[in-house]
Amino acid sequence: MADRPHLSDASAQARKASYRQETEFAPERFERFDAPRYQFEITRRELWQSLGAGILLTITLPLSAQEPDAARVTRSPRQELSTRFLFSQTDPIRVLTGKVEIGQGARTLLAQAAAEELRLPVSALQLVMGDTDICPDDGGTWASLTTPQTVPAMRQAAAFARELFLELATAKFGQSADALQFTHTGITSGTRQLTYFELAELAESAKHPADAALTPPAEWKTLGQSVPPIEGRAIVTGAKRYASDLKLPGMLHGLMVRGSHYNGKLATLRGEPKLPQNTRMVRDGDFLGVVAPSPELAHEAANSIRAIWRANALLPETRLHEEFMETAREPVAQPGARYPGLITRGDPLNAYWSSQRRLESKYSLAYIAHVPLETRAAIAEWKEGKVTIHYGCQAPFLVRQEVAEAMGIPETSVRILAHDSGSAFGGKQRGEIAVEVARLARDTGKPVKLTWNREEEFTASYVRPAGLLEVRSGADAEGRLRAWEFHNYNSGASGIACHYDIPHAWCGYHPARSPLRQGSYRSLAAVANTFAREMHMEEWAAILKQDPIAFRLRHIADERLREVLERGTAAFGWGRSVRMAGVAQGVACNLEKDARFALFMEIQVSGADVRLRRALMVFDAGAALNPDNLKNQIQGAVVQGIGGALFEKVDYADTRIRNARLSRYRVPRFEDVPDVEVLLIDRREVPAAGAGEAPITVVAPAIAAAIHRGTGHWVRELPLLPALARIVNPGPAAEPARR
Amino acid sequence: MARYELTINGKPHTVEAQPSKLLLDVLREDLDLTGTKYGCGEGQCGSCTVLVAGKARRSCLMSVSQVGQQPVETIEGLAEGDQLHPLQEAFLQKVAFQCGYCTPGMVMAAKGLLTENSSPTRDEVRKAMNNNICRCGTYGRIVDAILAVAEGGNRG
Ligand code: FES
Ligand code: FES
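Each protein sequence line maps, in turn, to chains P and H.
The first sequence: position 732 = 732 (the numbering used here), numbered continuously.
Basically the numbering used here = 1-based index in the second sequence + 1000.
There may be inaccurate statements among the hints.
[Said to hold, decoys possible] Chain P stretches covered by chain H per the calculated footprint, using a threshold of three residues with CB under 8 Å from any CB of chain H:
#: 1; segment: 107-115
#: 2; segment: 373-380
#: 3; segment: 637-648
Hints in this document: simulated from the structure, not taken from any laboratory.
All C-beta atoms in this analysis are idealised placements derived from N, C-alpha and C, irrespective of residue type, glycine included.
Extracted from the complex, chain H is given alone in its bound form (with noise of 0.2 Å):
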């Protein structure tokens, strides 16, 4: 067991584990986060995307260990108080979603999309979030809802 000293969402929180643990487990269980998902466990799905240091990284993939300094951003921290991050808006306008399950993976995936490019084509889109699964077969809808925030120009 080891001490880490994680920034998650802008607050410093201390977890005890082992170096080879899960990001995504230490954020589900250590840290009762659960809204990064579990969908492979091998970087296929996306569900478990978060943003370390402002990237999009699978935290199935990454261990506890190697986040290290860097600050961590999951979906439970894009709401300001009531105040929905525009693609969480867009995301509900469009209703991007059927279960839902697929959701936080999709928006932080898309946060990390226009962070690297504020106006992407639609078919930039599709290519830059083909690793993310949605099941239920929303991906028109999707595409919609991270367009419509980037043509917006207002992505927080």
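Same shape as in the complex, but just chain P (with noise of 0.2 Å):
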């Protein structure tokens, strides 16, 4: 491991990086390093202001009541308030959000969250998310943040709105709280009835209490409980409208015209073009698209222009690790950030050179796309110099920020109404389609709705970052792991950390250069920390001939990680002999965003090909404030964790980017998956951790695991399928020098 830069070697140091240094930025906002995509010509406008009808209650919380970790959400001022109700003499109580709904359950939960402190059933209540101008800024939907964070503010909130009403009810009734009711439309008291908007009324001059105290775990009537969807009948009936299901009255259809390069550069166009009556077409240094009054013409349009494009080939695939490699640079510490880039104790250089026995390993993953099955679309409408976006986003404020920046205007003049989105895995987080539909929209003064296709998914989006990662760890006489170094290049610093019991730990992230554009995925790169830490657990426990459960609990003083891998021995009947030829059994743990899980896996191989049989999922988030909603993102995380362990890849060469279709790009499906089996630990006086996330990390390194004690091959690499198969055929063209 020479020619790598690691922790006692100065000379990366002075190696020098040309672009930018992404450590600048917060680590969530990992997905915006790019330029931006168009530099466009600018004209200043003017602002404009709306609002909501009814009364917005703002509840001046004090800082001790706000998320401790609040102050790393960037909040414009007006936030420090929590602005989370608004009231109306003829609507429900709406609740405001700038979180999302993604299918990750978020509307459900905080409005269980709120109703759970207003004392009121969820149907009273309709929840507005991901308004740019009403809504509070709630940081992106991402991190499986709306769980640890969102909902104890929203609950806060809730608790000091419920305790505000009671005080102002009970002066107005002259009778006690406790002879005060919550309904659907307001505080009664016997016969007499104060509204919500005439309470909200008085609210506004009244002084807000001091404190109120939440509802302790063993008085939930509302959190804790499994509630169906708001939204489910509404999805079972296909009524439920998503972006790409808008229209606005006299509605233009734009299309982006962009050629089939990947990183294709507008050079000239061949002629004028014979654009069909009533389109236009719209050039704007690179950017290139039409706006047309029905989707067929804008077809017609963008194909009458005969556009020339530069490209330059992208890096062969065979060359990705070198270019890791060669342009990495030193993790740097950054204290206080949610996904440090190095994180170490002890002296691990010294432990390991002075260990009795030494392991080294490399793994790495390859780029895998998103791939939400509705495909991203957004309309934009512009009226005196300000622009209304509707898009299916996952973080509304940042969207907003991007258009500002590209279209040259306040970030007071753009407003993004976030809708529900047909998922989305983090491949949503940035604003691409919406600078695109504003730019189409700026000068027709109409709406323009401009809709990607499934290839312009794959491409005009970003990916999740490939990575190398190389381990090294030393062990004692009697087999017990005292020093661990551990390098992720190119990848993402999520999860990086050791969490089992070793003394000495170097744990750091070097960020390199990517030929595609990449960005967030869920659960970030802990897929592929988790990947090489757990492998590497594997191959000591081999190695040591250990029971690789006995090995790594060996390696854990958490206690409730040690619990999940206990429950799931015995739940799974972990090491019962399966007398089928190829089947095999594999485990793998993780304690990420401060959930514990560990997942069982039973697979059946035979040459170069796997079936999963049975997977058990044993875990722990603390409170499960909705067990069922819990249980379903983690057997869908699971399954999409499936894809990027065993085929998913994006396929890549020349200038283009080659596997950009559903038929050419594998998803799971209905009979790649096993039945997916949840335990779940419910803990309810432990605050909850988020889990829409973390359930994906631990599938890849199952499936390796049961594959090596199936067929004793180390596959690590992902996706395992074709470096099995590799394995199994070597043939002369079927392995490409590699390092």
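Build the complex from these two chains, which are given one at a time in their own frames, with help from the hints.
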């Protein structure tokens, strides 16, 4: 391992990187490193303001009552206050949040949180999500933060509203709080009622309570229950409207003209296009698109344009790992960051060299795509210099910023209305399509809709980073690990810490240069880091001829993590012999984003073919705020993880992505996946950890471990299936020169 | 442009369209029946599944001129008033969705399946549904929902 920078190698410090220092940015903006796609000519417009109907109740929370992590979420000054509720004379109570619903259950969960503290059923509330003009900036919908951050913030605000209203109602009715009832429409005392609208009017001049206690978990009526998804009926009847289903009166249809190169730059147009009537071409630098009264005419218009594109070849895939090593920068410790790039303890270098036994391994993983089933769609409408954009995105406030920057207008002139999205998985954090549709619509005076097709979804977006990981570690004579050195090149810092009880450890993330645009993905780099860490543990267990669970338990101090492994061992029937050729079990565990969990898998291998027979996840996320939704998320994450573990890979060569369609890019289907059994450990008194992402991290190592136990082959590369095929059938062409 | 007299969810509709216009686009754009979804445009995902003459078909692979007189059924036509179809009820009971984008196509494909095989095994359901993608990964729940209806023998 002499050819790479590691902790003793000072020369790496001297390596000059000509691109931007990523560490200047908060890690959750990881996806925004790339320079903006388009540079537009700027026209400045006036600000305007918009207000929702009704009374917005702004609760001033004492700083101590705000969630501890609040300071890390980017907030505009207005959101120092908690503007959470909108009361009107006609509508149900509207609850405001900057989070959005992308299938993870935030709409229902946040309604539960507010309902619990307001002493109301969920049906009394209506969530308003992701409207940047009226909702508080709760940060993007990413990193499973809704549960640990937004739920407490919502509960706190609702508790304050409840106490405030109770004080006002007791004063008005001359009754004690015990005699009052919360109903759908107001607070009642016998036959008398104060509506929430009236209470909100009174509250405007009232003094706010100094404190409001949260309902203790033991008394929860709504939280902790498997409240079914609020939109369930709309979903099964097809009535639910996603951004791609919206129509506005007088709406025009846009279409981007992109050429087929990944990084194509517009060189010139050949001749004047013969555009159909009523259609127009929009060209601005490298930006080229059309606007037309119907989608058919938009296609005709686009086809009439002969554009010449210039493109540079992408770095060949065979050189990818070299490129990562050559452009790697030293990890930077970022104390207080959510995903620090460097975590160390003890004296790992000395501990390593003085260890009795040593082990070095390399792991890698490919670029993969998010493939949200709903491709991106957005509608933009300009009025008096302000643009309103409907978009099924994950991070409305970041998208607002992106559009404002691209269009050269203040953020106050951009309103993003986030619509529930047909899944996202980290892929809809950026605002590419919002910028495009804003530009297409700018001079039309009408709303313009832009929908990406599946191919654009693959090529005009960004991918999950590929990565190379190097791990070396040392054990003492008794087979106890004492040194751990862990390098991640390019894929990221999330989940890099070693939670095993190893006294000397160094874990670092080396940012590197990537040929493809890359960004967030469900659980970020925790997939890569967990794969390498768990595989490495598995390799040690094999070398030391120990049971992999027993070996792990010898290195785990955390009681809750021990418990998930122990419970799963019994529930799964770990180690029971199955008298069938090629059947084997595998396990992986993790402590990620405060959740503890272990996945047990049983597979059947024959040749290079792997069938997944059984899966059990034991999961402890603290309090299970909505147990069935938690199970659903865990099952879904395991299924999604199977794709990246076994076969998903973005294939690129020359200037193009070559598998940008569902017939060429394989995602998990019914026959690829086992039924996933989930055993939840519900700890009511422990603050709930988010869990929409974490479970995806253990899928690949559990399968790879089972493959090893079934075949004796170590497959250290994701996706596993093509790599296993190369091992099983080594042909001259099948194995290109690899590092 | 040509005129087409379509029967959709039991009701007649007249549409002016190019003969090659996809049934998917006619449903979504001309008739505002947006429960039928686009996911791939190449028959790979099943989001656009509708029933044509009672059989599950990909509306992204079928032009309006190919539909002719055959009756078309979409997700919007399944419930009778407030009364959900048993498959819709089962999807709701089992929460066989997350984002819900695949759900209309899943329900329609399941209806087509149960018309052909009224009591499929678990493996038969997986096999028959294998051309429908749920990116949220709710496959196990979808199989449960379909089997609940099949076993119940009440499949409308
Ligand atoms: S859109 Fe028709 S099968 Fe995917
Ligand atoms: S529920 Fe999201 S794609 Fe199936």
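Residue count check for the segment 107-115 of chain P against chain H: does it reach three with CB-CB under 8 Å? violated (count 0)
Per the coverage rule (Cβ-Cβ under 8 Å, at least three residues), is the segment 637-648 of chain P covered by chain H? holds (count 4)
Has the segment 373-380 of chain P got at least three residues whose CB is nearer than 8 Å to a CB belonging to chain H? holds (count 3)
Violated hint: 1 only; the structure is consistent with all others.
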